[in-house]
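A.B. asks: The listed protein sequences derive, respectively, from chains A and B. Quick note: the first sequence uses the working numbering, first residue 1, plus one each step. Quick note: the second sequence uses the working numbering, first residue 1, plus one each step.
No lab work stands behind these hints, which were simulated from the structure alone. No residue lacks a Cβ here, since even glycine has one placed at the ideal position from N, Cα and C. Mixed in with the good hints there might be a few duds.
[Claimed, not checked] Mimicking SDA-like on lysine to any residue, the simulated pairs with C-alpha atoms at most 20 Å apart in a straight line are:
| no. | chain 1 | residue 1 | chain 2 | residue 2 |
| --- | --- | --- | --- | --- |
| 1 | A | Lys185 | B | Pro118 |
| 2 | A | Lys185 | B | Arg115 |
| 3 | A | Lys185 | B | Arg116 |
| 4 | A | Lys185 | B | Phe117 |
| 5 | A | Lys185 | B | Gly250 |
| 6 | A | Lys185 | B | Pro119 |
| 7 | B | Lys140 | A | Thr235 |
| 8 | B | Lys140 | A | Pro189 |
| 9 | A | Lys185 | B | Ala123 |
| 10 | A | Lys185 | B | Gln244 |
| 11 | A | Lys185 | B | Arg144 |
| 12 | A | Lys185 | B | Arg87 |
[Claimed, not checked] Away from chain A, derived, C-beta distances all over 12 Å, residues of chain B:
| no. | residue |
| --- | --- |
| 13 | Ala30 |
| 14 | Arg42 |
| 15 | Glu45 |
| 16 | Pro52 |
| 17 | Thr72 |
| 18 | Cys98 |
| 19 | Leu110 |
| 20 | Ala123 |
| 21 | Arg144 |
| 22 | Leu182 |
| 23 | Gln193 |
| 24 | Arg222 |
| 25 | Asn231 |
| 26 | Ala259 |
[Claimed, not checked] Some, not all, of what chain A presents toward chain B, calculated at C-beta under 10 Å:
| no. | residue |
| --- | --- |
| 27 | Ala172 |
| 28 | Arg173 |
| 29 | Trp183 |
| 30 | Ile186 |
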Amino acid sequence: MTESAELQSSPRAGGVLEHAKRRGVLYIQILLLVALIAIWQGVADRFDTEFWTSSPLSILAALFQWYESGQLVTDLQLTLFEAGIGFVLGSIGGGVVGFVLGWVRKLGDIFEPFVLSIYTLPKIALAPLFVLWFGIGPLNKVMFSALLVFFMVFFTTFQGIRQVDLDLVANARLLGARRVDIWTKIAIPYSAVWVFTGLRISLPYALIGTIVGEFVAAQAGVGFRIKEATTYFNTAEVFAGLVVLMAISLLLLGVLSLIERRVMRWQTADTVSISDAAGTT
Amino acid sequence: MLVATSDTKATAVRNPGEIVFENVSVKFGALHAMGPTSLTVRAGEFLAIVGPSGCGKSTLLNLVAGTLPPSTGQVRYNGRVVDGPNRDVGYITQRNYCLPWRTVEANVQLPLEFRRFPPAEIAARAARALRQVGLGGFEKAYPRQLSGGMLQRVMIARTLAYEPATYLMDEPFGSLDAQLRLRMHAELLKLWQDTGATFVFVTHDLHEAITLADRVVVMSGRPGKTKLVVNIDLPRPRDVVDIQADPVFGVYFKTLWHALEIEG
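Whenever a hint applies, use it, and build me the whole structure from the sequences.
C.D. replies: Next up, the structure:
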């Protein structure tokens, strides 16, 4: 087919080279990680800084002990549950409100200063108030996470919806689109890039909300364990808590980017495979 | 090829649009952009509109599409006053309105989804339209993988798919190179002949206007008014290359050129 010549195909060799380069970077990263851990351990052993910095081996031991006691699983479950529900509630709330205020310009203009003034408030300062309102149980942490996530997702969705190309909307109307079609088939997909950015940024905030909630008042959870360990000056356990937190944020981010890549496949579509497919038909 | 012979008969339009502009003028605030002017586009004709830039050629099309209300006068489409988006028209501009997150196929299906066609027909019509514009085999490609010329064909296929009674075209081939342009002209003529639809074609290229149109409207500078209407009595079907060698072609060109030149 002659049209395949029109395709902007990149040579396949470029892809292979890219792959090799990325693998090289990965090796360096692993090496760096190992080196850092080794230095940490070395410094702790040689200069006896264990009290302040703990050491990788002690942390590993603390982690193992935490796991053995069965507490790790219950703490993790609780923290993940609180952060997860908070994330979902906050995302839905932020997404819906962001969409409405972004789409209905007049409403957006009216409400923007109000939302902005709550946004600029350091929300950590609200944590004690949340204890008063929602108690010291999981609901408190869920609501606090949801609050933090709400603002992140709200602002990106609001921005994204306002970016929607109005010419494209006018064109869709000519093509026969009804109001619902404009929302579901133009506006929402159009702003998806922004919404995903909001979700990605807000994911750590869901955890922050829960951990702060657990710091302030709780009976269990990873944050509660960290705070408890601090009061006993048990640095290894504190670091063990931090390691667990880091691991779950990375895991959640991975899951999210996997979903994002699936939904936004059109952005990364491989030019080469298409010209091949066209050639065979 | 834009239009494959075997496929085109099925797309014949039953009720081509007649468009009447009645003392229409358009003002954007203090700017008097166009008119007042009157003009009738006959059902099933190929009308080209030429004029200096900023004379309101595109504005005329927007009025028919109903995306812009006239400041005075009215536009009637098949006897009915246009007062909102006109869903009987297919509007093709130089801009490509492909949705980047949809495949070529899904983009062509878009107007059919909007119009609530049954799923089986959506698939069949989109496939046929893509074959008609010579994009069979590119169904699963994404817009960003295609060249400008191919994207323009996607836009045409998307319009073909719902068989509008009227095609509004605003310099649709402006971004294409001369060769591809000529090929598109041949294919457009064929499309016009096979569908029997009304075509209103805005361009600043006089060759293009004479090659394609039954009548060429010359508009004056701002505020744009119809200044001269020239009947192009060249035989049909036309060959886009041979027609330029026709001595009469040159005469039309000269007439139109002078009409435009006075505008400076």
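A.B. asks: So, for every hint listed, does it hold in this structure?
C.D. replies: Quick rundown of the hints versus the structure:
Simply put, Lys185(A) and Pro118(B) have alpha-carbon atoms about 18 Å apart, close enough for the 20 Å limit, and the pair holds. Annotation: proposed proximity of Lys185(A) to Arg115(B) holds, straight-line Cα distance about 13 Å (limit 20 Å). For the suggested pair Lys185(A) and Arg116(B), the alpha carbons sit about 14 Å apart, so the restraint of at most 20 Å is met. Distance hint between Lys185(A) and Phe117(B) is fulfilled; the C-alpha atoms sit about 16 Å from each other, no more than 20 Å.
Between Lys185(A) and Gly250(B) the alpha-carbon distance is near 48 Å, which puts this suggested pair outside the 20 Å criterion. Annotation: proposed proximity of Lys185(A) to Pro119(B) holds, straight-line Cα distance about 16 Å (limit 20 Å). Only pairs whose Cα atoms come within 20 Å are accepted, and Lys140(B) paired with Thr235(A) is rejected, the gap being roughly 56 Å. For the given pair, Lys140(B) sits about 18 Å from Pro189(A) by alpha-carbon distance, which is consistent with the 20 Å threshold.
Restraint check: the Cα-Cα separation between Lys185(A) and Ala123(B) comes to about 18 Å, which is no more than 20 Å; the hinted pair holds. With a C-alpha separation of about 45 Å, the suggested pairing of Lys185(A) with Gln244(B) is violated against the 20 Å cut-off. For the hint pairing Lys185(A) with Arg144(B), the CA-to-CA distance comes to about 18 Å; that is within 20 Å, so the pair holds. Pair hint Lys185(A) plus Arg87(B) holds up; C-alpha atoms about 18 Å apart against a cutoff of 20 Å.
Even its closest Cβ contact with chain A, about 23 Å, leaves Ala30(B) beyond 12 Å, as expected for a residue assigned away from the interface. A cut-off of 12 Å between C-beta atoms confirms that Arg42(B) is not in contact with chain A; the least separation is 22 Å. Non-interface status of Glu45(B) relative to chain A is upheld: no Cβ of that chain comes within 12 Å, the nearest being about 21 Å off. Distance to chain A confirms Pro52(B) as a non-interface residue, since its nearest Cβ pair spans about 24 Å, more than 12 Å.
Look at Thr72(B): its CB is around 22 Å from the nearest CB on chain A, clear of 12 Å, so calling it non-interface holds up. The Cβ of Cys98(B) sits about 10 Å from the closest Cβ of chain A, inside the 12 Å cut-off, so the non-interface label is violated. Distance to chain A contradicts Leu110(B) as a non-interface residue, since its nearest Cβ pair spans about 6 Å, not more than 12 Å. Distance check for Ala123(B) against chain A: the nearest CB is about 16 Å away, which clears 12 Å, and the non-interface claim stands.
With a closest Cβ-Cβ approach of about 7 Å to chain A, Arg144(B) is found to fall inside the 12 Å limit, against its non-interface label. Taking the minimum C-beta to C-beta distance to chain A, about 16 Å, the non-interface status of Leu182(B) holds against the 12 Å cut. Interface exclusion of Gln193(B) from chain A stands, the closest Cβ pair being 24 Å apart, more than 12 Å. For Arg222(B), the non-interface assignment is confirmed: its Cβ lies about 22 Å from the closest Cβ of chain A, beyond the 12 Å cut-off.
Even its closest Cβ contact with chain A, about 30 Å, leaves Asn231(B) beyond 12 Å, as expected for a residue assigned away from the interface. Annotated as non-interface, Ala259(B) keeps its C-beta farther than 12 Å from every C-beta of chain A; the closest such distance is 31 Å. A distance limit of 10 Å between C-beta atoms decides the matter here; for Ala172(A) the minimum to chain B is near 7 Å, and the interface restraint holds. Checking Arg173(A) against chain B: minimum C-beta separation of about 4 Å stays under 10 Å; hint holds.
Hint on Trp183(A) is violated. Least Cβ distance to chain B is approximately 12 Å, over the 10 Å limit. Taken as an interface hint, Ile186(A) checks out: its beta carbon lies about 7 Å from the nearest beta carbon of chain B, inside 10 Å.
Checked against the numbered hints listed earlier, the structure breaks hints 5, 7, 10, 18, 19, 21, 29; every other hint is satisfied.
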